[in-house]
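Asker: Sequence:
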Amino acid sequence: MTKSELIEAIAARSDLTKARAELVVNCVFDAMLEALQRGEGIEIRGFGSFTVRPYKPYDGRNPRTGQAVTVPAKRLPFFKVGKELKELVNESRVRAAEFERLAGEAGDHPVVDDGSDDDE
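The sequence shown begins at 5 in this note's numbering and counts up by one.
Simulated from the structure, these hints should not be mistaken for lab results. Heads up, a few of these hints could be off.
[To be verified] Okay, derived cross-link-like pairs now, DSS-like style, lysine-lysine, Cα gap no bigger than 27 Å in a straight line:
id, residue 1, residue 2
1, K22, K7
2, K78, K60
3, K7, K60
4, K84, K60
5, K22, K87
[Said to hold, decoys possible] Cβ pair distances, simulated, as ranges:
id, residue 1, residue 2, range
6, T21, N66, 23 to 31 Å
7, K60, T21, 43 to 51 Å
8, R105, G70, 51 to 59 Å
9, A77, T21, 38 to 46 Å
10, V75, E102, 44 to 52 Å
The beta-carbon is built from N, C-alpha and C at its ideal position, and this holds for glycine as well.
Please work from the sequences and hints to get the whole structure.
Answerer: Below, the structure written as structure tokens:
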């Protein structure tokens, strides 16, 4: 899902216009970015948490030239998935697998009466 698809989904599920939904999404992302820039973590219970991990400088190599380069220290955002989200995502996979299994067992048998009189 892209940012624009997220905005459209929010607008469709609420009484917000697309412009208002875009404002909400941008405000949420801006607030999250500002918190991470300050080195704060963000915890959304049941969904997951965002943190910033520091990395020390190290000596690396330019992959094209093979020349040694020093990679400077940096901080990178990291997301850890929450238990509930993990379970919900896996639950949907289990449901899909169960559906596939049942569909395979059904074979050519119609699941829904299409109104035709082919069986008679």
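Asker: Which of the listed hints are broken here?
Answerer: 3, 5, 6
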